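Participant: Since each chain sits alone in its own frame, please combine them into the complex, following the hints.
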Amino acid sequence: MSVKSIFSDLYHEKTNYQIIPKMNYWFIFSAILLVVSIGSVFINGLNTSIEFKGGTSFETKVEGKSPSIGDVRDLLSPNDIGELKIQILNEDTVKVTAKRLTQEEQAQVVAQLAKYASVDKADVSISDVGPSWGKQLTRKAGQALAVFFLVVAIYMIFRFEWSMSMAALLAMFHDVIITVGIYSLLGFNVSPATVVAFLTILGFSLYDTVVVFDKIKENTKVWEKLKQVPYAEMVNVSLNQVLARSINTSIVAVLPVISLIVIGTYVLGATALLDFSLALAVGLATGAYSSIFIATPLIVFIKRLAKKVDNI
Amino acid sequence: MDQIPTWMYAVVAVGLILATLIIAVRNEGGIKRPYQLLAITLITVVYVFSLTFIQDIRPLLGLDLKGGVSIVLEAKGNPSQDQLEIAASIISQRVDSLGVAEPDVYPEGQNIIVNIPGAQDAQRAQELVGQTAELRFRQVAENQQTDPQILAVLQQVAANYEAEISNSSRSGSSTTSSSATTSTSSTSSTTSTTRVGGGPGSLKNQASSTTTSITQPVAPVSQITTITLQCGGTNPQAVELSGDLTKVTPREDDVADKPILAVDKDGAPYALCPAVLKGDIVKDAAPQVDTSGQVSVGVELTSKGGSDFTRLIGAPLSNQRVAIVLDSIVQSAPTIQPDLANGLTNNQLQITVGDGQGARGEVDDLVTVLKFGSLPVVLEQQTVQKISPTLGIDQLRAGIFAGAFGLLLVIIYMLLYYRILALVVVTGIALTGLSIYALVSWLGAVQGLTLSLSGAVGLIVSLGVTVDSYVVYFEKLKDEVRQGRTIRASLDPAFRSSFKTILAADLVSLIGASVLFYLAAGNVKGFAFFLGLSTFLDLVISICFMHPMVKFLASKPKLITMPFFGLASALDKKDLKA
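Read top to bottom, the protein sequences are chains C and E. Start counting the first sequence at 5; every next residue gets the next number (my numbering). Start counting the second sequence at 8; every next residue gets the next number (my numbering).
Hints are not guaranteed to be accurate.
Said to hold, decoys possible - Okay, derived cross-link-like pairs now, DSSO-like style, lysine-lysine, Cα gap no bigger than 30 Å in a straight line:
{"hint": "1", "chain 1": "E", "residue 1": "K558", "chain 2": "E", "residue 2": "K507"}
{"hint": "2", "chain 1": "E", "residue 1": "K39", "chain 2": "E", "residue 2": "K565"}
{"hint": "3", "chain 1": "E", "residue 1": "K73", "chain 2": "C", "residue 2": "K103"}
{"hint": "4", "chain 1": "E", "residue 1": "K265", "chain 2": "C", "residue 2": "K225"}
{"hint": "5", "chain 1": "E", "residue 1": "K532", "chain 2": "C", "residue 2": "K57"}
{"hint": "6", "chain 1": "E", "residue 1": "K39", "chain 2": "C", "residue 2": "K221"}
{"hint": "7", "chain 1": "E", "residue 1": "K532", "chain 2": "C", "residue 2": "K99"}
{"hint": "8", "chain 1": "C", "residue 1": "K125", "chain 2": "E", "residue 2": "K73"}
{"hint": "9", "chain 1": "C", "residue 1": "K139", "chain 2": "E", "residue 2": "K565"}
{"hint": "10", "chain 1": "E", "residue 1": "K83", "chain 2": "E", "residue 2": "K265"}
{"hint": "11", "chain 1": "C", "residue 1": "K103", "chain 2": "E", "residue 2": "K83"}
{"hint": "12", "chain 1": "C", "residue 1": "K221", "chain 2": "C", "residue 2": "K99"}
{"hint": "13", "chain 1": "E", "residue 1": "K558", "chain 2": "C", "residue 2": "K221"}
{"hint": "14", "chain 1": "C", "residue 1": "K89", "chain 2": "C", "residue 2": "K18"}
{"hint": "15", "chain 1": "C", "residue 1": "K229", "chain 2": "E", "residue 2": "K507"}
{"hint": "16", "chain 1": "C", "residue 1": "K144", "chain 2": "E", "residue 2": "K532"}
{"hint": "17", "chain 1": "E", "residue 1": "K558", "chain 2": "C", "residue 2": "K18"}
{"hint": "18", "chain 1": "C", "residue 1": "K144", "chain 2": "E", "residue 2": "K83"}
{"hint": "19", "chain 1": "C", "residue 1": "K69", "chain 2": "C", "residue 2": "K18"}
{"hint": "20", "chain 1": "C", "residue 1": "K89", "chain 2": "C", "residue 2": "K225"}
{"hint": "21", "chain 1": "C", "residue 1": "K99", "chain 2": "C", "residue 2": "K125"}
{"hint": "22", "chain 1": "C", "residue 1": "K139", "chain 2": "E", "residue 2": "K73"}
{"hint": "23", "chain 1": "C", "residue 1": "K225", "chain 2": "E", "residue 2": "K532"}
{"hint": "24", "chain 1": "C", "residue 1": "K99", "chain 2": "C", "residue 2": "K89"}
{"hint": "25", "chain 1": "C", "residue 1": "K57", "chain 2": "C", "residue 2": "K99"}
{"hint": "26", "chain 1": "C", "residue 1": "K119", "chain 2": "E", "residue 2": "K73"}
{"hint": "27", "chain 1": "E", "residue 1": "K265", "chain 2": "E", "residue 2": "K254"}
{"hint": "28", "chain 1": "C", "residue 1": "K229", "chain 2": "C", "residue 2": "K311"}
{"hint": "29", "chain 1": "C", "residue 1": "K103", "chain 2": "E", "residue 2": "K532"}
{"hint": "30", "chain 1": "C", "residue 1": "K307", "chain 2": "E", "residue 2": "K507"}
{"hint": "31", "chain 1": "C", "residue 1": "K311", "chain 2": "C", "residue 2": "K26"}
Keep in mind that the hints were calculated from the coordinates and are not lab data. Everything numeric in this text was worked out from a predicted model, so none of it was measured.
Next up, chain E with everything else stripped away, as it sits in the complex (with noise of 0.2 Å):
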């Protein structure tokens, strides 16, 4: 019943990480007072891993353990990052409809990465993802509003469409980078006032969800195979659209001289008729502000894309609306307004949207879909893998088999060289342990990170990071007492000038890491992250655990003192001091 909300468990969380450095700092490493600090620690790394069984989270794992299909995709001529964001989030879209859980598109420099897990037909997902999206205007069918027939085919494409949204939105689809995905809350109340006259060339956007004010089906959809579009203007056309009229037009059949049913942002459907021209006549758009607060955007057209204009859209289709479509979605449906007529002036044209805190944002959308429609990213596929899930759960099993054959390795080798001592390693390690599978799962939860086999490698091969910690310590400590030192006296200098060293040495495995992760791509990346991740942890565990353990054990003269303790026999002292 009483659920403990999420944020109170992360709250002790962070509260206990910041004790236990705060302790640490302030006893020195445990130096002061090292069962508070060993106590603190124990009762953190618990508490953070337990948490990921109430929180029921686990890392998750990327796609060459689990399978899927991974493409990159190259971005040809130098693309702007604003660019290179659509396009991702476009090809975002087009592998939502796949239907597939968590798909993961991302820009990374000038690639794109599309992560698609489960058992994928590869061939599919690079049809899909390849092809470069175009900008297309087409005009809204004149009848779109009066014929019985495009207002029920409408009506059910409407409601199919949402059906589809709300389901792959339970499915938990992507969460990454699509600013210009399928929302389906309605942004586009802005009220349109119309500009007429002088100056640059004017369009009315008619705020799209008005448009879909309909009202009764006529017959039912499954019967209509064919609805005819009035499409022209001045010079009025007939044209047909036949095919499966109960859903938006598919991605695959959308061509630029055929009719389309598409859907804008927010879902409104419209019937469109074959594109009138391309995105490649916008040279130019910003956003306008004028005196009355009224937002805008400016397009500036080539000079050709001028002329075409007025020759195609600004004289016959006066009065009527033209929408603008991006990769087979209706960004805006502007009114050509008349005054388009008469040519335009040094190519401006001007795109009404209204005023208030959501016109600004949706000119913000259009000038971005503008630009990036004048010059398209054209795409070049650079790899693609398929991983099948077989091969995933075989190299998940690999890589656990073999960290816990190289664990157990070391841990034989650690107990044969330092007896007892050892001990202190085996629980290092295992509290290094534990963190590490918490951070990794709590990243995964908050972030998205994944586990990928070279992640698994760069963990399994910081082993010996941290190992080393131990060793660079206890032969530190042998030092101390050879000199003739007491053990106990011996513990806090051989800490102190331990520490540097293993300092010096982590921070040069940090810096090798944090240079691959910058630099390199990919899988790299994530070894790189891992391999960090765990360095820091051996520095936050030597502090934290290596050092207070060793002055616990220390205060027990009689177990310190004792051959297998490890201390004694390395030392071929029989009047060892405690």
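Next comes chain C alone, as it looks inside the complex (with noise of 0.2 Å):
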């Protein structure tokens, strides 16, 4: 089958993929997938940004010349303040990220790299963060992914029957590890903006999920009745309704995203914008994925499970 006539089925609502009846596969994949990255985490750890550990660091726009990593270095290895992260960002800012400064060792790195970069040394720009700091942060964010939780699993109980709350919670689950998984593979930087995105995705890959099983429950009002086909057939046919507007819901949302990472790093040098799209993309790309081959295979793997429907 072409691309072309892949989207023109989509567009036109004709696609009949089958989904459910394989849904052993999508299953094993994501088996995989979640052994890696919890095994990743467990072996590589995280790379957490200064405000998980405590740290100083500089950034500053570098004027008149193209900065380099050994310039800097040779500029503030005499110091002796111990071991240096220095990234040349944008090709014209230089960063240096050190262990936590005093504020004198601090002053001292301000002014050398306000010369070097011919800049006043307001323009250098400091972030510093205390031991304890990560701590905080670390113990704000379980809550705020407890009570999220929490909150959730009580709306959508209200909302959707028990096994469609527990896939739903299931895949955002999935979701969450995949994404820290790949962070961990990949080596990307955790920042408190990273956690944030982890937040968000979870928002987001519920929201995919609610308007798939949404389309479901409606068909499910009406298979009720009649239950000509199997339970497991009618939700195949309504994730293919939904399809379309599923990856509609997807592109959209990414869009924006991707826009984000391209303009707001490559092109005009945010890097606080780098760790926080990286994280949206990544995850909503796994949100995506989960909504359709994970969340929704499990409402019927659960109801087999739980032998509640006859005609399943």
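Facilitator: Quick look at the structure:
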């Protein structure tokens, strides 16, 4: 089938993909992803930013020349302030990350960098984070996560039947674990912005799932009267009916995020945007995948386990 | 000439918004009379948006977009909310002394957040903010009222202080959480009575404003380089104070064992001897009212504090005034009553303030100050972010470009997919955008809400949620038509059922945003707020605009059956019924 005809079928809602009958494949695929993700978090850990570990970083635009990592290292290493991580961003910006420095050491580095970059001292940005801030952040993020799960679980139970709520929540866990896994595997920087993005992803992942489930719920009402086809088939038909919409949802959600990554990072060099949008893009992709290939098949799977519905 | 007052604009805005909501509810989201709802929605949005120009307000930018220093301080040892408020107001006073416009200091959980906009010396700000505020007891110089040189110095100090206050209030200094800041109104006109005799020892708080009856300067103050303060009461001592005698002693020079020049909350000046005791002698403080309606502060000292008090203040300083100074500001300067020389009963002290409403407030302030002084909040610096203004502008520009580009991508995609119907999406996004701009400007002007980078990202991200509502509706509409109904007959059922889905999905988003908002701190809050705000607006716009607009278009049968309208082509129906 050509790409064009796939698009055309989607557009005219003529698809009939066998997503539910092949659910074991998706489950195995996701299981592998989950194992790799969890394994990587244990083995590689996460590349956390100074907000979590404590430390001091400096950032400045360099005027009149293109900065080099070697020059900056030569400039700063006589200070004896421990290991330095030096990055050149967007070709004209230097970012230096160090252990936590005293105010005197900070002033020294700022003076040296300002001189090197031919800018005023006030134009050197500083970020200084104490060692216990990360704990506070982590605790708050944990709380937010727990409360979010709880509130959403309660809401889902009222809105949908229990097997659907279960499926949606499991799919949400699936998304979080895989997103964290991808971060760990690829060594992306985990900053507070990333954590916010994680939490946002949960919302998106559910959002997409809710729309798909709503369709199934609607079709279930009709199906229950006649039960002409097995439940699984009805779900598969519903899934194909919302496929176009679900893909549209993901595309319109991901377009602004891609724009954030491209424009924000590579064109204009606002580095703060990268952490955030990267996590969103990864999360949106997993969310789009999971609401169709994991969350929906899970409903059928759970129902089969519970043997609640006849003609499954 | 005849300026229309702000409140009239506001009343019209509120009226229009209410009218829109009422019409929306009565017409069931445009199902009954779409024209009416559409018209009032457009009028409201355009009016509210144009208000930002009439009133000349625009969104306040966060520090990460305009540059500045942001410091997060964590309070150690679980201080109470009251103590945090005082600590914040003390820091706020100190930051005000930098003379920058709109600094923002507020407690958040166990943290105190300090935001100072503009290009700042981060180190100076850290030094200023980081010191722990101490409560000190300093004797008021015995010759404050009699020595002509001291009188001249104090007059100059008061005048300079007054000038500085009116300057900084003109430049629009901080309006947040400053319960103990420098108000120039004279509130302490309370008369004080003397309470002598047994029971708890008593101090008499002389109304501070009465002490500044300074008459004539003797010599030009600039020529005075040193003044000599008489201190010590029955153990007399002459203490020399030199340096810049034209203004209040700067905070960094305010050390316990040196004399200082200071003012009280009303700007009355004092020449103060070296500190005799510190706030740690205080165990507790509480307001008291006696049968005659006289209010006072009951102070309980620690047992060591009680004996120190008698030895260093009660006995030697009879009939002298002792100033209670917190962070270089005189809070009260009561006169020590002679009976205190005999020691305290149960380490109890009483500071008589007077009666009346003003006294009540003064007592409460003093109680909080004393409690704070007994256990000063120790602040540990958690994070310092200094964003240079150039980086801020870069981030702002990047945010705007990214938003615009993202919007463009979404619009192109929508046009490809929905053809003419996509114009409804574009107009809807425009209306949502105008409303958000107006709301953010207004919240900035009224509540001091700032738009930070993370807030901007929240807005960009929410674009997906907004557009998706249209997708849900349009797809539902196609479904209905596919089942054989006419387009016009499909509109209402499609809207009813898709709105349920939109509501469900938006609620999940709103739950997420609220949880983040209440539990998270700082810039995460900004993100959550803007995500929540635009999700909410999405719901409103889908009722007040999306459906009535499509209904309006559906009243043109030729238009909606055209292939490029977006329905016919998707449905493969040549014989589409309008």
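Participant: Now tell me if each hint is right for this structure.
Facilitator: To see whether the hints hold, each was checked on the structure:
The suggested pairing of K558 of chain E with K507 of chain E holds, with an alpha-carbon distance near 18 Å, which does not exceed 30 Å. Between K39 of chain E and K565 of chain E, the direct Cα distance comes to roughly 22 Å. Compliance with the 30 Å bound is thereby established for this hinted pair. With a C-alpha separation of about 27 Å, the suggested pair K73 of chain E and K103 of chain C falls inside the 30 Å cut-off, and the hint holds. For the given pair, K265 of chain E sits about 84 Å from K225 of chain C by alpha-carbon distance, which is inconsistent with the 30 Å threshold.
Taking the CA atoms of K532 of chain E and K57 of chain C, the gap is about 22 Å. The hint holds against a cut of 30 Å. For the proposed pair K39 of chain E and K221 of chain C, the alpha carbon gap of about 28 Å is at most 30 Å, so the pair holds. For the proposed pair K532 of chain E and K99 of chain C, the alpha carbon gap of about 26 Å is at most 30 Å, so the pair holds. Among the hinted pairs, K125 of chain C with K73 of chain E is consistent with the structure: their alpha-carbon atoms are about 17 Å apart, no more than 30 Å.
Among the hinted pairs, K139 of chain C with K565 of chain E is inconsistent with the structure: their alpha-carbon atoms are about 63 Å apart, more than 30 Å. Pair hint K83 of chain E plus K265 of chain E holds up; C-alpha atoms about 28 Å apart against a cutoff of 30 Å. Proposed proximity of K103 of chain C and K83 of chain E is supported: the alpha carbons are some 23 Å apart, at most 30 Å. Our distance criterion of 30 Å between C-alpha atoms is broken by K221 of chain C and K99 of chain C, whose separation comes to about 52 Å.
Taken as a hint, the K558 of chain E and K221 of chain C pair is honoured in the structure, with Cα atoms around 27 Å apart against an allowance of 30 Å. Pair hint K89 of chain C plus K18 of chain C does not hold up; C-alpha atoms about 54 Å apart against a cutoff of 30 Å. Straight-line distance between C-alpha atoms of K229 of chain C and K507 of chain E comes to about 22 Å, which keeps the hinted pair within the 30 Å bound. Proximity of K144 of chain C to K532 of chain E is assessed by CA-CA distance (about 12 Å); at most 30 Å being required, the pair is judged to hold.
Annotation: proposed proximity of K558 of chain E to K18 of chain C holds, straight-line Cα distance about 27 Å (limit 30 Å). Of the pairs offered as hints, the one joining K144 of chain C and K83 of chain E holds, with about 18 Å between alpha carbons and a cut-off of 30 Å not exceeded. A distance of roughly 58 Å separates the Cα atoms of K69 of chain C and K18 of chain C; the hinted pair therefore is violated under the 30 Å criterion. A C-alpha spacing of about 60 Å is found between K89 of chain C and K225 of chain C, which places the hinted pair above 30 Å, so the restraint is violated.
This hinted pair checks out: K99 of chain C and K125 of chain C have alpha carbons roughly 15 Å apart, not beyond 30 Å. Under the criterion of a C-alpha separation no larger than 30 Å, the hint pairing K139 of chain C with K73 of chain E is consistent with the structure, at around 29 Å. At roughly 41 Å between alpha-carbon atoms, K225 of chain C and K532 of chain E are farther apart than 30 Å, so this suggested pair is violated. Distance hint between K99 of chain C and K89 of chain C is fulfilled; the C-alpha atoms sit about 8 Å from each other, no more than 30 Å.
Annotation: proposed proximity of K57 of chain C to K99 of chain C holds, straight-line Cα distance about 17 Å (limit 30 Å). The straight-line distance between the Cα atoms of K119 of chain C and K73 of chain E is roughly 23 Å, inside the 30 Å bound, and the hint therefore holds. Between K265 of chain E and K254 of chain E the alpha-carbon distance is near 16 Å, which keeps this suggested pair within the 30 Å criterion. Proximity of K229 of chain C to K311 of chain C is assessed by CA-CA distance (about 19 Å); at most 30 Å being required, the pair is judged to hold.
For the suggested pair K103 of chain C and K532 of chain E, the alpha carbons sit about 28 Å apart, so the restraint of at most 30 Å is met. Between K307 of chain C and K507 of chain E the CA atoms are separated by roughly 25 Å; this keeps the pair inside 30 Å, and the hint holds. Between the alpha carbons of K311 of chain C and K26 of chain C the distance comes to roughly 20 Å, so the proposed pair stays at or under 30 Å and holds.
Hint check: violations occur at hints 4, 9, 12, 14, 19, 20, 23; the rest are consistent with the structure.
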